[in-house]
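Peer 1: Chains as they are written, first to last, in my numbering: chain A, -17 to 342; chain B, 1172 to 1635; chain C, 35 to 341.
Don't read these hints as lab results, they were simulated from the structure.
A couple of the hints might just be wrong.
Stated by the list, open to error - Listed below are the simulated PhoX-like cross-link pairs for lysine-lysine, each with C-alpha atoms no more than 25 Å apart in a straight line:
| # | chain 1 | residue 1 | chain 2 | residue 2 |
| --- | --- | --- | --- | --- |
| 1 | A | Lys299 | B | Lys1265 |
| 2 | B | Lys1457 | B | Lys1562 |
| 3 | A | Lys299 | B | Lys1491 |
| 4 | B | Lys1415 | B | Lys1382 |
| 5 | B | Lys1457 | B | Lys1487 |
| 6 | B | Lys1414 | B | Lys1436 |
Claimed, not checked - Computed, partial: chain B to chain A, Cβ under 8 Å:
| # | residue |
| --- | --- |
| 7 | Ala1312 |
| 8 | Ala1371 |
| 9 | Lys1477 |
Don't be surprised by glycine CBs; every beta carbon is placed ideally from N, CA and C.
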Amino acid sequence: MQRLLASLRRDRRAAMIASLVLGVVLAVLPFVVGGALGNSWLRVLDFALLYIMLALGLNIVVGFAGLLDLGYIAFYAVGAYLYALLASPHFGLHLPVWLIIPAGAVLAGIFGVLLGAPTLRLRGDYLAIVTLGFGEIIRIFLNNLNAPVNITNGPQGISGIDPIRMGGISLARPIDFLGITVPSLHAYYYLFLALALLIVFVSIRLEDSRIGRAWVAIREDEIAAKACGINTRNIKLLAFAMGASFGGVAGGLFAGFQAFVSPESFSLMESVMVLCMVVLGGMGHIPGVILGGILLTVLPEFFRHSAGPLQVTLFGKVLLDPEALRMLLFGLALIAVMLYRPAGLWPSGTRRRELGSDAA
Amino acid sequence: MQFSRLSRMTVVLAAALAATACGQKEEPKPQTAAPAPAPAPAPAAKPEVTVRLGHVAPLTGPQSHLGKDNENGARMAIDELNAAALEIGGAKVKFELLAEDDQADPKQGTIVAQKLVDAKVNGVIGHLNSGTTIPASRLYADAGIPQISGSATNPKYTQQGFPTTFRVMANDVQQGKVLGEYAARQLAAKSVAIIDDRSAYGQGLADEFEKAVSAAGARVVTREFTTDKATDFAAILTKIKSKKPDLVFYGGMDAQGGPMVKQLKTLGLKATFLTGDGGCTPEFIKLGGPASEGQYCSLPGVPLDKMPGGADFAGKFTAKHGQIQLYAPYVYDAVMVAADAMKRANSTEPAAYLPAIGKTDYQGVTARIRFDDKGDLQDGSISLYQVREGKWVYVETLGGNPAEAATAAVSEAKEAVKEAAVATGEAARAVGAAAKEAASEGVKAAAGAVKEAAEATKAAVEKK
Amino acid sequence: MDIFLQQIINGLVLGSIYALVALGYTMVYGIMGLINFAHGEVVMLGALVALSVVSVLAGSGLPGVVIALLGLAVAALVCMAVGFTIERIAYRPLRKAPRLAPLITAIGVSIVLQNLAMLVWGRNYHAFPPVLPASQHEILGATITSLQLAIIAIAALMMAALVLLIQRTRLGRAMRATAENPAIAQLMGVDIDRIISFTFVIGSALAAVAGLMVSANYSIAHYYMGFILGLKAFTAAVLGGIGNIAGAMIGGILLGLIESLGAGYIGDLTGGFLGSHYQDVFAFFVLICVLVLRPSGLVGEKLAERA
């Protein structure tokens, strides 16, 4: 794999062909998945794309800048609730998507700075618990701001949210496009894919930029970074803001996709899962994080489909409760991956080299 | 070192197990309504259709005990329907339950819903929580699949304008109103403290209770909150104690309600405790201990032992799955309502039997089920219970129409006679001495049913 | 006045429970710099095992305290075995791995333990049999049960015992040496594998005590109870200064007091705008304020920076 990638880097033509193949695969994927495995897998794929966006956002904070964030899902919630409030019968507002999604990104970014500002001095596990607290505070406010003034509709959540519309076409209904009917789930897939690719692109550009290098410098040694003339305060705040804004975009899409938001979607466990995606895939390494996002969304679903039938084939009947077994296998998979790939499934080259020298 | 290698091996094995799971592709199940090869040596060789009903509830996580209970209720209904060997549209019908876990997570709820839509189920029973029911209902509505929930009480569920959403349980508004009036009138509470668990269910019920109890003239002295995962309520109960209310209302589940009532007594609060259906379970008494004595709760519908067939259901369920937790009877009814609509429409196709659900008039084990134009229960009656000597004891039924229970009982009696006649006829048609025996038993059962119905009628009339 | 005193007592009881659980977190952290996220689940196991033993013995006619102690003994053994195994399987191979790797295995262990417990004990809530004396004591109009008094005493006792263990014994010195610098400690003849195993075993025994106390006090146990308890205790440990034994106690008690006073009074102070539904918000808000002013907790030492 590594050699293949290296050769791709050398050979421009091979790289072109590879990206073309990848493009075609991504374009036909929903039809293949939907046709062969059913629409439920396509829906899983849509969620996987949302989680990729989240994981990439968190990767900026945790992977690049090395700031452990356990409350990341709060930004997802901010984006989702902004969409829900501005495009639903709740306030009677129905603003267009192209306005809400960027607004969600900006608002989430502001929340990112709000979180970052008081925590600049904190490191490691102390930062983890403060961000965790921040995530919970946001969720608790969303859950309770239905009185005295009803803003979020409290635990009941907001229902009847407008589906995402692009140029007057609602993605919630099948779309006729040049004689081909594109079903709703497929349309969402393409939209999510486009935004996920955009986020991947921004992530890659950031990683190679001055800012990206500053983040890595802070991750490796904050004092040394400061001594090199990096404004660590601003750079750290920027990491929080950038990471948060990706979460805000994903949140807005989630609200439009589900047409319903309620605080229970933004629990601490969700933050932990996104963190697992980043770490499991390979912290700070964009392809690894994408892999982590896909794997951790698909794996539980996969066990859902196989936990029962697997027992039947092995023992001839269902011995253990399939639902308990599903989560059990998921937990074991988390442990197993980390034991065998402590730096993640697909860590970056530099990271691997560092670890190699460390272990020797 | 040896050990550590061994333990790693175990993990590898587990991973390998997981990997084998990867290798297993699920066998595509036979399509719905496709004539399956009849395994039974039926002499008439009637075609057989499989009707698949989806059931969704959290089977893992904190509410999984209720989820499993719901599933058991549905399973029992399915088993009984299969035992009854129904014929719909000239074909033998075999019911099958696809039970899924949504972990009470809205996202999982839609994924599971999509899985059921893909599987082309004929109907969906569930989900348990409103938070998963509402986003999932859109998917079922788009696919035209009828959905009947036995426990999602958020009014929004049926207000979305989907023709496919039904519920066989009173919603929060209906129940909260009755509870509020009961607290102020029958329990004569002048001042009331309200606690809710900030879940969609608890908050919804508590809000409606607050409105009703204030309208009925009682004063709400304080409104306190906890969470659906909490175990310590000392702080809020101490605050409530300082306000000296006559009654404490809790909108939430038994797992909090039980310990709460216990702590309430420990702190020396004298107030009566009242809670909704979430606390109306044997768990509440188990967890609350002696402190639960004399406290009240409510359940939508009429108590099982007052309903024709109710006691029978309770007996059979307990024998098979253990104690009823909470919503199993409602879910049982939900399945029966779906089957009943299929019978009346003479079709198992969702598009064909969906209109029939709206016209349901079915005598379930929890209530006489008729739907309004939204798919909510019409005049849902609410029953109140009190803990006496460590057991929930029926107190009275409010709301709804008491006379209705009587007419229902009469019509049920007629139904029972008819069924008995059918049974007799069928039995007679069978050959041999065994058939005769069965027939006489059928008659006996019918006689019993008539008697029971008559008693119920009497009880209902007396109450009126 | 009696209401205020009652709230203080409520806070002390709740805080002692947090402190009991937090001790386990903080001890492991102090020695290895690892957040043992699965600790809450070990507490849950302790509670369920103790409850099962007590339920079996409840009708045997033995005195309640003896039954509880027997339950505790079995629970402690099970928890110690589990703690030992967790460390061996999920943490030891990752001692040199990036810092977040053991965090993920801890989450994995947490999920596994929860679902195993669900398979063994089922999905229902279990009530703790009333074997312990439930006598109530009145202090100036406020109420406290003997069990709650015992909880406060046991938490304090455990903390004192741990401090003694770490400061005064040979083993404690080895633990401190390991915490300071594992490589050098090893050179000095400390078997660090053994020391770390030992730390986990003691932490798990503490978890068993906490589990029994929690389920006896609230008379409820459930396979899902570990998560929220672990979260609160972890917060308490950080509030006090994670890695510091006295800090866990102080953090626990402080968190308990904040929660009960917050729930009890903020509603009236803010005219009903913020009520007891913001209880956790106060707790986290105080935590953030404390950490902004003292970035390594109330009594925590300045932390060596870990990448």
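Peer 1: Does each hint fit the structure? Answer for all of them.
Peer 2: Hint by hint, here is what the structure shows:
For the suggested pair Lys299 of chain A and Lys1265 of chain B, the alpha carbons sit about 21 Å apart, so the restraint of at most 25 Å is met. For the hint pairing Lys1457 of chain B with Lys1562 of chain B, the CA-to-CA distance comes to about 10 Å; that is within 25 Å, so the pair holds. For the proposed pair Lys299 of chain A and Lys1491 of chain B, the alpha carbon gap of about 19 Å is at most 25 Å, so the pair holds. Taking the CA atoms of Lys1415 of chain B and Lys1382 of chain B, the gap is about 20 Å. The hint holds against a cut of 25 Å.
A threshold of 25 Å between alpha carbons decides the hint, and for Lys1457 of chain B with Lys1487 of chain B the separation of about 22 Å falls inside it, so the pair holds. Between the alpha carbons of Lys1414 of chain B and Lys1436 of chain B the distance comes to roughly 16 Å, so the proposed pair stays at or under 25 Å and holds. Hint status for Ala1312 of chain B: violated, given a least beta-carbon distance of 11 Å to chain A, over 8 Å. With a least beta-carbon distance of about 4 Å to chain A, the hint placing Ala1371 of chain B at the interface is held under the 8 Å criterion.
Interface hint at Lys1477 of chain B: violated, since its Cβ lies 33 Å from the closest Cβ of chain A, which is beyond the 8 Å cut-off.
Of the numbered hints given earlier, the model fails hints 7, 9; all others are met.
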